[in-house]
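A.B. asks: Spelled out, the chains give:
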Amino acid sequence: MQKKRFNILFGTISVLFLVIFCKLFYIQIIQGGKYSGISNNKRIRTVDIDTLRGTIYDRNGSVLAVDKHSFELTVMYERLFDANSCFKQNILPRVSEVKKLVLSHNLCKECHIDKEMWVEKIAGLLDISYIDIFNKTAKVVKRVKNIKRAVEKRNGREMRVREEIIPHSVVSHVPWEKVANFEVEMLNLPGIQIETNPVRWYPQGDMSSHVIGYVGKMGEKEIQNYNFKKKWFDGLKKSGESESEFFTQKSISMDALIGKTGIEKIYNSRLMGIPGERFEEVTLDTMRVNKLILERPSTPGNNIFLTIDSRIQSIAEKALGGKKGSVIVMDPWNGEIIAMASFPRYNPNTLNKDYTALSKNPLKPFLNRPIQSILPPGSTFKIITAIAALEENKIDKNSHFPCYGSLKVGNIRFRCHTRQGHGLLNVEEALQYSCNIFFYETAKVLGGELLRKWAIKFGLGNTTDIDLTYEKKGNFPKSTSFSQTINLSIGQGSMLVTPIQMVRMIATIANGGWYTKPHILQKISDYKGNILVNNNYELTEKIDISEKNMDIIKHSLRKVVTSGTAKKTGLKELQVAGKTGTTQTARADENHAWFVGYAPFENPKYCFVVVVEHTKGHGAAVAGPIVWEILTQSESSL
Amino acid sequence: MYRLVGLRNFDWLIFLVVCLFLATSFFFVWSSSSESFAFKQIIWIGVGVVVFSVLLIVDYYSIGKISYILYLIVLFCLFLVLLFGKTVYGAQRWLMVGPISIQPSEMMKIALVLVLSRYFVDKKSVAGLSGIIFPLALTLLPMTLIMKQPDLGTSLIMVPVFFSIMFIAGVKTRYLLTIIAFTLSTIPFFWYFVLHTYQKTRVVSFLWPNTVSSFGEGYQRVQSLITIGSGGSFGSGWGKGVQSQLNFLPQGHTDFIFSVIAEEWGFYRAGALLCLYVVFIACCIGIALNTRDPYGRLIVTGFTAMFAAQILINVAMTIGLAPITGLPLPFISYGGSSMISSFIALSFIFNVRMRNRVALAKDGFYE
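Each protein sequence line maps, in turn, to chains A and B.
Mapping of the first sequence onto the numbering used here: residues 1 to 638, in sequence order.
Mapping of the second sequence onto the numbering used here: residues 639 to 1005, in sequence order.
It is worth saying that the hints were derived from the structure and are not from the lab.
Think of the CB as a built atom: it goes at the ideal place given N, C-alpha and C, for glycine as much as any other residue.
You may find that some hints are simply not true.
Unchecked claim - Among chain A residues calculated to face chain B with C-beta under 7 angstroms, some are:
1) Leu9
2) Phe10
3) Leu16
4) Leu18
5) Ile20
6) Cys22
7) Lys23
8) Arg278
9) Ile412
10) Tyr537
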């Protein structure tokens, strides 16, 4: 009985092995031709199917950045390589010039005619100079060689990288009439194709260009880190979108566009989709597709919704006009940036063309001023000095200091901005008229250490960690001397802040003492519209300031507008509370004009910062009207 | 207990066959991934050989005596994995003990064979249906735990092990058929409550390949077929397979190593490799048949069934005859855990062969 059972067992296993053997025979021998991955004239190649980058919307759903299609001429790498090596050896088949140089170049033309004739033809068909095509060719070849070197170095053996067997883009943005020209000739040009490719389009032009950022191809540095694993999709994988291990195996295409600055860079992994792939069997000599083996469709990237309101953004940009500076409008209750304007700007749609001119511009259009321009805050900083002195009980509501127009400390005479002086004032009046002397006297009793403590408490001289690229930190120095402390108390000296830090400071006052974190992301959805991330920020941490002192500050700021330095701006009727500031620069006739504030006074809806850099006028006179324009227009069109 | 037996009964044929497998493993792990993996594989083989040799010294009977304890320890480890395990590729299979990570599911296969054999040898009669309830529980408990990790492949391996041990132990055929029928009737339950989405996709992509090529799961299957198919009769030569060299094939050095072998060696040599596996299985069954000790016989049967099932399922998966489950090819796929557990199983088979003891079995155990 035992032996019989063993026979049955072994019999079953043998039969199963036989089945496998037959199937193996079927796949490899009978069907062998079907999947002939390698033979003398056929090869399987993969072609990336481009995916759409996610769209960027503002808070109302109007489009800020989107992918649209354009035609692109692509050439197989082999052809590029041949043409490039001919070009290097200076054996151009310039039909026009060949006639002149028949004798010397005839031989070369004979043997190389096939290899670079396509350049000549394309140049004719698309009406562009062939030198451009050759330059582009050389660039692509160089890039592929770099990748190959990097990959080979990592693996320690000779390898064929994928880039060597796929087509590369040579001419982009081909107008469609010329595409038609080309299609007619296409059969004579093996290995050259017209493909439709998505390009990034920013429908609003230069509006909020600094916030959105722009995209570009991978640079030298990114190629150095070229990796077969798709690091860009780590974000997607974490959200459990796909359990497939396959994505970790696939390399990212060299021509893929990645975000270079702004939202495009910060949320690049979200915005980038997963490219699809097409496996085709091609005949080697003509590079024509015989049949399609498998197609894996692409997945578009996620859509990003910003907290920016493009209506208010464009009002702010219009109000700022042609003055160098920045405007930030923020919701003080949750830190959502509603508008963030910077001038000068650039237009991301025409960036390729304008790049050299823009980068040479002395006004630095690429600087995102709200987060990258570091300036002394000037009189707007007096708010902090007042709060510090009140909270540390160095002064109270009824402490008065006299202002005679100037104050002598040691050998140095510090001046107020009116020669005749403000007379005797308390803290409210001092803020209202922005009296320097009062704050000098306050700084005397307060001292540099406590002033620094409170400035840092309000986040000055420190990044806000807003979700934008390359935020500057600024600086709040340790005061080393008494005269330095006096300078710092009115926001001069070596104290440097960014406008976004000031908006965070004023938001804390507007909402009654809560810390906020400025942010621009509202939500992320996938291409089907399912919300993946909802960026709800709640106020959780409160600064320890007594209600009483907060009230003093708030009422002083209101008085600045009703009867103080900003009374002529007309902001009184708009229920604004705020503080002006005029920062002296090294040059006598140039100031930075500041206005920080919030509105409406009773129940703040917006808080804002306006800075105009290097202007002749004063805070109220230059920045005030900008605030007025933003508030009246955004309220009236609501 | 530690009675040293000479190499008189050492099975040189199986030894030679396994050496051929290991050589193949080295070269194809190299070809399908990189040199460094191949040399790591050498280290694993070295560790495996050491474990193999040490276990040969110990009498399998004395290990058999503590088989229930071993089984409980491994079962406990499986619980620990579910609680504290390290997650790789979305599956929680690894237990970290200091710097070493161990995969208790691999050890469970060994422990299950030992404990099932023990049970049937201790049991005086296997005639009743009640006698198979306990072994059924012994099998289903670890299967459930492993399936929860999730590791469908390893847990399914236990099914053929269970049936073959019962079959050889002499359980009546109609009881076995009853269990099979019952298992088949629970398939809908599994589909709706146990299988993960990706496992369902794998099954769907196997049954209806045309519908799911877009899933990305069908990708692996089709790539494997292309890889094997492009090998043809004689293959493209070692290290020259287009599919595997250009990273078309995911998991080329682990689960799909047979595809790489088939592409680079072609049909004749890949077929020869399969024949070697048949020889290996046949030799093992020969040992089971010629052993006079019922316990040894059952152990060898269990391990042989384990090897056969792994080989068959792995190869069937690469050629598209079975849905994709993460099962390595014994002695060839890259990976420490599977290599060591294969060597442990092999060591038991050799152990039985070398200590071919006088029969203690009850009457009627063999004709």
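A.B. asks: Min Cβ distance, Tyr537(A) to chain B: is it shorter than 7 angstroms?
C.D. replies: violated (31 angstroms)
A.B. asks: Holds or violated: is there a CB of chain B closer than 7 angstroms to the CB of Phe10(A)?
C.D. replies: holds (5 angstroms)
A.B. asks: Does Leu9(A) hold up as a contact with chain B if the rule is Cβ-Cβ below 7 angstroms?
C.D. replies: holds (6 angstroms)
A.B. asks: Would the hint on Cys22(A) be counted as holding, given a Cβ-Cβ threshold of 7 angstroms to chain B?
C.D. replies: Because about 10 angstroms separates Cys22(A) from the closest Cβ in chain B, which is outside the 7 angstroms limit, the hint is violated.
A.B. asks: Go through the hint on Ile412(A) and say holds or violated, using the shortest Cβ distance to chain B against 7 angstroms.
C.D. replies: violated (66 angstroms)
A.B. asks: Are Leu16(A) and chain B close enough, Cβ to Cβ, to be under 7 angstroms, as the hint says?
C.D. replies: Given a least distance of 5 angstroms, the restraint on Leu16(A) holds.
A.B. asks: When the nearest CB of chain B is found for Ile20(A), is that gap smaller than 7 angstroms?
C.D. replies: Constraint on Ile20(A) satisfied, holds at 5 angstroms.
A.B. asks: Does the closest beta carbon of chain B sit nearer than 7 angstroms to the beta carbon of Leu18(A)?
C.D. replies: violated (9 angstroms)
A.B. asks: Using Cβ atoms only, decide whether Lys23(A) comes closer than 7 angstroms to chain B, and label the hint accordingly.
C.D. replies: holds (5 angstroms)
A.B. asks: Checking hints one by one. Is Arg278(A) an interface residue toward chain B, by the C-beta closer than 7 angstroms rule?
C.D. replies: violated (11 angstroms)
Hints 4, 6, 8, 9 and 10 from the earlier list are contradicted by this structure; the remaining hints agree with it.
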